[in-house]
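2 protein chains.
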Amino acid sequence: MADGTPDPSSDQLPTEMKRCPPDCLAALEQIMTGRVNTGTAVRSHHANSLTSVAPQWPDVVVWPETTLEVAALVGIAQQFQVPLIAYGAGTSLEGHVNAPLGGISVDLTHMNKILAVRPDDMDCTVEAGVTLQQLNAELKSTGLFFPVDPGAEYATLGGMAATRASGTTTVRYGSMRDNVISVTAVMPTGDIVRSARRARKSAAGYDLTRLLVGSEGTLGIITDLTLKLYGVPETVLGAIAAFDDVGAACRAAIAGIQSGLNLARVELLDAAQVRCVNARARLGLEEVPTLFLEFHGSSASCLSDFDSFKSMAMDEGGRDLRAAADEAGRRHIWKARHDAFWAVKTSWPGKDVLVTDVAVPLSHLAEAVAQTAQDIEAHGLTAPIVGHIGDGNFHAIVVFDRSNPAELSKVEQFLDRLVARALAHDGTATGEHGIGQGKMRYLTDELGPGVNVMRQIKRAIDPSNILNPGKIF
Amino acid sequence: MADGTPDPSSDQLPTEMKRCPPDCLAALEQIMTGRVNTGTAVRSHHANSLTSVAPQWPDVVVWPETTLEVAALVGIAQQFQVPLIAYGAGTSLEGHVNAPLGGISVDLTHMNKILAVRPDDMDCTVEAGVTLQQLNAELKSTGLFFPVDPGAEYATLGGMAATRASGTTTVRYGSMRDNVISVTAVMPTGDIVRSARRARKSAAGYDLTRLLVGSEGTLGIITDLTLKLYGVPETVLGAIAAFDDVGAACRAAIAGIQSGLNLARVELLDAAQVRCVNARARLGLEEVPTLFLEFHGSSASCLSDFDSFKSMAMDEGGRDLRAAADEAGRRHIWKARHDAFWAVKTSWPGKDVLVTDVAVPLSHLAEAVAQTAQDIEAHGLTAPIVGHIGDGNFHAIVVFDRSNPAELSKVEQFLDRLVARALAHDGTATGEHGIGQGKMRYLTDELGPGVNVMRQIKRAIDPSNILNPGKIF
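For the protein sequence lines, the chains are D and E, in the order given.
Using this note's numbering, the letters of the first sequence correspond one by one to residues 8 to 480.
Using this note's numbering, the letters of the second sequence correspond one by one to residues 8 to 480.
Calculated from the structure, these hints are not laboratory results.
Identical copies go unnamed one by one, so any copy, or any two together, can satisfy a pair.
Okay, derived cross-link-like pairs now, DMTMM-like style, lysine to aspartate or glutamate, Cα gap no bigger than 20 Å in a straight line: (1) Lys-235 with Asp-433; (2) Lys-235 with Asp-185; (3) Lys-147 with Glu-334.
With these hints in hand, go ahead and build the complete structure from the sequences.
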């Protein structure tokens with residue numbers, strides 16, 4: 008490593024860690040009396056994997072309440088050489104909070120204070136354990152909101168930053184990459200680093216904020232974060248449009264985006280997904296590829312943008328274009344969209360469900376989705392598709408039986424083909440779910456020698472590999 | 008360094024490099040016959056500092072034409088342990104292209120091909136030496152444009168990425184941080200790294216794109232980049248508004264931004280700057296704090312947003328609100344704004360001019376600008392102020408005599424106070440010009456132990472410190 012030429016084929020990160028010894032547990036209990044738990048129920052709850060990797064329990068779960076306590080935890084982890092795994096709400100999908108080498112699960116949900124809301128600056132500072140729902144409830148009286156919407160309202164903002172979350176509104180407002188102004192993080196040295204000042208932009212040195220956003224707890228533990236806020240739009244107009252095929256839906260969406268319509272959400276559901284959503288939310292939609300849309304702006308601009316989009320959609324054979332009649336109707340649409348996972352889950356009771364994601368350049372989306380649909384059919388899989396089409400990002404929600412090795416293997420092979428196709432379209436193995444454990448095997452295919460650079464950084468910042476080992480690399 | 012606890016007080020980067028020996032020059036000539044120049048005029052042209060540091064010449068200038076040639080240059084630099092300094096158009100303001108330890112200036116202007124424009128994906132891929140002007144000229148027929156506008160139209164896009172440039176349109180379209188999808192960079196190992204695939208978003212590992220954007224040529228040499236493009240707005244409406252004081256102008260601007268008006272530019276000129284601009288561009292403006300504005304959108308939304316802004320401005324005592332009568336009038340306004348530097352320069356012929364920048368949270372801007380104006384007056388300095396007010400970012404254009412040590416020292420002390428004030432407002436030492444040589448002394452004040460993390464990264468990626476040594480740290 009010192010010669011700057013690491014061997015890309017070897018992981019080279021220490022993985023022979025000790026399980027938490029009794030002395031370590033005693034040290035934890037000393038600094039965090041009553042907030043240390045080694046019970047099986049709690050440890051099981053903090054191991055979490057929706058990938059093909061089984062849940063892997065931490066040795067102990069702790070609940071720090073301050074950044075200084077997190078720094079003390081880093082000191083203990085260094086002293087005993089045991090892993091620290093940051094834990095928010097456990098909503099991540101690629102095994103980020105699993106503990107393959109045991110260690111200490113650092114549950115940040117006690118750090119749930121909203122430290123400051125500054126309407127004049129359109130920003131706020133929150134502790135890492137504050138949830139999206141909590142923040143937006145607090146903001147209600149200010150006329151501002153935080154727009155990143157990964158679907159899970161109870162996700163913590165620290166976890167959303169650590170996984171570089173995005174979601175339905177990213178086409179308009181960007182992802183966590185774009186909306187985190189600064190984070191406070193405890194580094195493996197124990198240093199408490201504030202990644203940037205509160206100015207909206209800075210050219211002062213390397214972009215530590217963007218380095219920590221998406222680092223999945225492997226470089227530092229985020230304890231608070233300063234976020235951009237946005238004015239609640241004067242008007243929010245929800246709409247639905249039906250198409251004969253996925254390609255037509257994609258082309259209509261691209262036309263709308265290119266024309267600069269104020270589209271804040273552009274979600275694609277394939278026929279199978281519409282079927283599930285109909286069953287759960289009784290939407291009564293025609294079971295064909297469908298766009299769920301949302302326009303943000305003034306009342307006049309929303310209506311005019313809806314009309315413009317209508318004619319673009321009709322050019323692509325779109326039909327049954329309907330604006331939601333009222334706010335309740337709009338909320339009903341988006342509740343149904345957000346419950347896509349549960350709609351699939353309840354359509355196949357007793358089955359396991361794995362949500363995977365890839366993203367491709369916009370112009371490749373229709374083809375990538377169509378190829379995926381063909382693949383699903385050809386291999387006899389069940390996997391409705393839903394996508395953040397404005398970002399070229401789509402999910403397949405795969406239904407299978409985890410306890411059946413043949414089915415599991417079939418799903419793994421499908422994931423391999425899905426990612427290979429995304430990469431062939433110059434896309435990414437993951438648009439928003441992250442690498443975690445589930446997508447480690449694709450990272451080198453995607454970024455080649457870029458992964459060496461990531462390893463150089465990881466080894467330089469966390470040479471003992473105490474922070475979330477066994478993830479990303 | 009291996010123990011992860013570097014001493015923040017020591018630089019710890021190798022600085023005892025050799026000047027280019029004859030063997031090195033011969034090796035360069037062998038791979039780049041006819042594109043190697045050691046003449047004094049050329050070397051002088053490639054040393055460049057508008058800071059208080061004198062120009063420092065490289066030993067030799069080379070013009071690579073391919074990424075592979077840049078990789079070969081890295082090999083030669085490693086072999087002879089001489090510095091490599093990436094050079095675009097030389098428009099940077101903080102001494103980024105100076106060669107304090109000599110070495111090889113890598114002039115990327117021969118790499119000026121637009122490799123692809125993809126209207127359906129609203130992106131393009133260009134070589135690092137393509138200029139902003141060249142790209143936007145090429146895009147004209149597509150109805151798309153690249154929005155980042157640092158003022159220097161002949162800046163190269165590679166240089167803009169390396170310095171994380173922003174400018175007048177950042178309030179609407181973001182900076183280079185937001186608009187670079189991916190870069191190709193040659194790393195100190197000689198590895199050619201593509202920082203990301205072409206999908207609009209990705210959660211695949213660390214954000215290498217944002218690590219390289221703003222790294223000022225110290226981690227890798229960017230050789231091509233993929234950029235986001237935007238639809239040319241249907242209507243672009245320019246406007247001017249006069250105010251009694253800077254605070255009133257700032258408050259009006261904040262109100263407009265918070266209301267979600269489609270403001271694409273919000274520039275503040277103080278009275279001294281208006282005087283200079285009047286003299287140069289014959290604008291005939293009242294010499295008081297003035298906002299230059301631009302609205303992007305549909306014709307209806309621009310007019311309605313202008314009317315809304317008018318009433319907000321009048322609430323703050325704004326007057327003389329005028330929309331530009333036509334496209335020529337609008338261009339005249341922005342030409343005048345972009346020539347602010349030259350307007351100052353020609354107002355004090357024979358004097359030196361130093362453009363400095365800081366940024367603060369929006370709500371602190373009025374106070375920070377007012378304090379700066381008082382400071383300028385109290386110390387008998389000449390320094391008109393101009394700002395990208397929507398980002399809380401402002402410049403003082405300091406007029407002085409570089410050859411007079413007392414004046415130079417007075418300017419340095421002013422810069423120290425300016426940055427100290429920005430930091431006291433939780434702002435940054437540089438909103439967009441970068442650290443380079445000129446702002447190195449402020450980085451630790453701004454980011455404390457965060458600078459240790461930057462050093463860890465620099466040492467891990469470039470242990471011999473061959474890439475742009477003597478910058479940032």
